[in-house]
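Number of protein chains: 2
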Amino acid sequence: MQRLRRLLKPNPETLHHLLVNYKWLWSIINSVTFLSDSLMTFVYLLRSNAVDSPPLYTSAHEYITLEASYNLSYYARGLPAVPTDCPTPMGIKGKRVLPDPKIVVERLFKRTVFKPEPMHSSLLLAYFAQHFIHQFFKTDHQKGPGFQWGGHGVDVSHVYGKNKHVENLLRSFQDGKLKTQVLNNEEYPPYQADVPGVPMTWMGQVADNNKFALGHQFFGMMPGLFLYATIWMREHNRVCDELRRVHPEWDDERLFQTGKLIIQGETIKIVIEDYVQHLSNYHFLVTFKPELLHTEVFQYQNRIAAEFDHMYRWHPLMPDEFNISGVVYPIMEFIFKSDLVVKYGTKVFTDSLSRQIAGQMTARNHGFLTQSVALDTIENGRKLRFQPYNNYRKNLDFPHTKFSELTDDPEVAATLEELYGDIDGVEFYAGLLSEKRRENNMFGALVIEMGGPFSVKGLMSTPICSPRYWKPSTFGGDVGFNIVKTASLEKLFCKNIPGDECPLISFVVPPENIPSSEKCENCKNDEL
Amino acid sequence: MQRLRRLLKPNPETLHHLLVNYKWLWSIINSVTFLSDSLMTFVYLLRSNAVDSPPLYTSAHEYITLEASYNLSYYARGLPAVPTDCPTPMGIKGKRVLPDPKIVVERLFKRTVFKPEPMHSSLLLAYFAQHFIHQFFKTDHQKGPGFQWGGHGVDVSHVYGKNKHVENLLRSFQDGKLKTQVLNNEEYPPYQADVPGVPMTWMGQVADNNKFALGHQFFGMMPGLFLYATIWMREHNRVCDELRRVHPEWDDERLFQTGKLIIQGETIKIVIEDYVQHLSNYHFLVTFKPELLHTEVFQYQNRIAAEFDHMYRWHPLMPDEFNISGVVYPIMEFIFKSDLVVKYGTKVFTDSLSRQIAGQMTARNHGFLTQSVALDTIENGRKLRFQPYNNYRKNLDFPHTKFSELTDDPEVAATLEELYGDIDGVEFYAGLLSEKRRENNMFGALVIEMGGPFSVKGLMSTPICSPRYWKPSTFGGDVGFNIVKTASLEKLFCKNIPGDECPLISFVVPPENIPSSEKCENCKNDEL
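Protein sequence lines correspond, in order, to chains E and V. Position one of the first sequence corresponds to residue 854 (this note's numbering), numbered consecutively onward. Position one of the second sequence corresponds to residue 854 (this note's numbering), numbered consecutively onward.
The hints are simulated quantities; they were obtained by calculation from the structure and are not laboratory data. Quantities reported herein were computed from a predicted structural model and do not represent experimental measurements. Be aware that a few hints might be false.
No distinction is drawn between identical chains; accordingly, a pair holds when it is met within one copy or between any pair of copies.
[What the hints assert, rightly or not] Restricting the straight-line Cα-Cα distance to at most 30 Å, the calculated cross-link-like pairs of lysine-lysine (DSS-like) are: (1) 1236 to 1015; (2) 1236 to 1064; (3) 1247 to 1324; (4) 996 to 1015; (5) 1344 to 1015; (6) 1015 to 1142; (7) 1017 to 1032; (8) 1236 to 1017; (9) 968 to 1142; (10) 1324 to 1142; (11) 1032 to 996; (12) 946 to 1348; (13) 963 to 1255.
All chains, please: the whole structure from these sequences, using the hints.
The structure is reproduced here in structure tokens:
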């Protein structure tokens, strides 16, 4: 059976080509439930079977140990580390001494000119990604780059805090709701000063009116993160009101706990049907249907891999300046300025993020503020003894044989060859960032082919997707279950932004907001 | 499909009757691999499907929450707690005020006369149980009876210590081995004084030569536990020697980690094929074959339930005195006397434990030393708002309708009725202990029907059983894999006890060692 599946497993590039072309074919498949459900089940399993569950490796051992399963303080590993007694840092190929990480950043990562995201993805998308992934990418820097302190999955800890203590601080203990305050006639999270004990990370001087108490300690760093934190907080409280309407006898605790279950469900629904749909750019409509896996061999557990963390460092998406309602803020006047959201209001802020194009996830597109993160990524990839970029492709049966295959930019190809000598000697993150863009897609192929499995596995393996959770009563009955099953990005914002009219809520910047210099061929909006 | 399975699900009593009778039939089934494998797969699934995985409930909420899945500090719950607003402590039935726990202990649990285990189980069995289960029953008394501090499963933490720090203290860092010392020409764990920092629990005055550093902090309490700790330590070191023979190039770390994987495998093999086989007393040979589950819908994760912990409080198995090679030690001269094992040697000690009969797990058979534990169990069962005993039977489709069904001892039945009033008002542990013995079995039916699922689920869901672990290379190649696949209780002791001849190593006391007063009808030895 497994051999048969292996035989039927299509080549990644063929499958991708199929999925981003032949729109007429997909519109048929999408409209026939039997076909689309079968294909969706296939996608769930194809992706999640590529992930070891339970995990086999950590960064501490290049062979199987019980620690990999039991010691949650480790990140898992997609591929085991290069053994320490290998002839080169990449194993057997490549240079004996890797290039100075600073040189790698300087020559491969540093933004020379802002490269817009060719599918015209908006900043609303970029911040969605950042807000979502920080709930599970939590490196424990004190222990080292192979360690983490999170819950290894989509546990909504970015909304409710990293543990029960913080959760309790954020709760109002009234009607299940989270604490809020009203500023400029809108509901926002409380100031940190009003909720002592909620850990938040600040850098440099940050004014008290920019210091909010949020579910994740980094979310004060970017107004876009603060916007999402605000919207999800409002959504939780809105859901509690809905639950209270149908269950007037419920106490605060039950409203809170059930609201949290609904928020996890909504998160996954939106991530799959809005966010993953956008990232994949498939004509096939990807759907969130946990029931499709209930009769399949599938593990409802998840572990975050170190490679997934590195792969998801999409800092090139950040522009150097932000246009909020016509006012341009250089990034240094934007970070740690949550009060900009309060000043403009969530409606205008959402609209502005929907109308500004993000940067392309590619070589030479790291803005000056994030180059230090790229440096750190290279250095940590070496400490973690990541296998070379091409081994991750080999593992998925589509290796490169030469630099000109990796990138279609001859200058980047030449730089890679100069820095690494051999196509099998290229570092993981350097390869990922340099990869040529895939047909009709935001990313190179490996981001999709590695990220897909880790994402699908993480999303579908949450407890709520398991057979005994996935039923109306878990979510407070049909009312709650329907909130989950009909959630969308648009509803999430629309229902939580005051006023009669919704702003533009879009992961794609509309054509009228794209400067002619940033227009591109083969973009989402130009497609058939 | 699920409905079909439900229909095919046999009545627990019918199935049990089949399994403990018709020896001729079973000898045929056992000898035909196809039949026995199919039936074993059925048993694995029947048992493990009875356990919620991921778990749905903790003692903190009687409805589904994300905490049940994510907050590992809770024990899970088999059935949710009785809601606090119910009319009686047991829900709707039974008395409004439960009897004083001291009265329950006095009238239902207190040993009047030692009742021998009717299947003639030995003390070697009793200590096997105690040694094995303490790795996962770890109540966090500071937080309360609903909380625990363990790893929720068969993680061999009782051999290697509760965390990496203790594990490191116990390791010699030479050839993968654990630290040892030689006493009376045998290898034993080191004294606690020689390994500062290993946490051990002592009560009263304990001499330094009784204070050993062991994997579990309670294992200094009983010489039988110390015997098992010693044997498993020797086995780990023996396995490391075997591994080093085939992998002379391996370093200490790899030998240790791989040895630990083998020890986990051996543990499960012995628990299923020796221990569970004995407890079940089935004529069907139960087997440890993880590969049978690799194509089935099965979750490789486990959570210890509070009811499983209470159900496994088998203190009646402890006698009041211990006969070691003809010398009789009252229990107060036996506890915290690990040096008795050293004095007599592991061979004589093992032999003696194999020849002494354990107590019966039944009403009025708690020795004076363990009555306080029974009291604690009743009190905590109330704090945890356990549903009544009969609800657990209802949940398995075989409820009792009257007290005379629960027990065949009219006096116990009358006491239960007096204390609880209603068959649906009997407390969980009181019911479990009072239950009549099942046909050809050590226990009442509910212990088997509840314990079976929790046990099978816990054993088969360990990471080593999962498809990507269960292969020779995980265990250092065929040599290690074969050690796991051929492990037995007899080998475990025989290979680790010095001398040419093995002692008696048996979970059943041989007929010649059973005092005539303790002979019983329908015992294992008397069977056809």
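Status of the hints after comparison with the structure:
1. 1236 to 1015: both (27 Å within a copy, 28 Å between copies)
2. 1236 to 1064: Neither way: residue 1236 and residue 1064 sit 35 Å apart in one copy and 42 Å across, limit 30 Å.
3. 1247 to 1324: For residue 1247 and residue 1324, the Cα distance is within 30 Å only across copies (23 Å; inside one copy 40 Å).
4. 996 to 1015: both (18 Å within a copy, 20 Å between copies)
5. 1344 to 1015: Classified as within; 26 Å inside a copy, 47 Å across copies.
6. 1015 to 1142: within (28 Å within a copy, 39 Å between copies)
7. 1017 to 1032: This pair counts as within: shortest intra-copy Cα distance 15 Å, inter-copy 39 Å.
8. 1236 to 1017: So residue 1236 and residue 1017 pass the 30 Å test across copies only (22 Å; inside, 33 Å).
9. 968 to 1142: neither (36 Å within a copy, 56 Å between copies)
10. 1324 to 1142: Intra 12 Å, inter 33 Å, cutoff 30 Å: intra-copy only.
11. 1032 to 996: The answer is between: 27 Å across copies meets 30 Å, while 33 Å in one copy does not.
12. 946 to 1348: neither (55 Å within a copy, 46 Å between copies)
13. 963 to 1255: Answer is within: at 24 Å inside a copy they meet the 30 Å cutoff, but 80 Å across does not.
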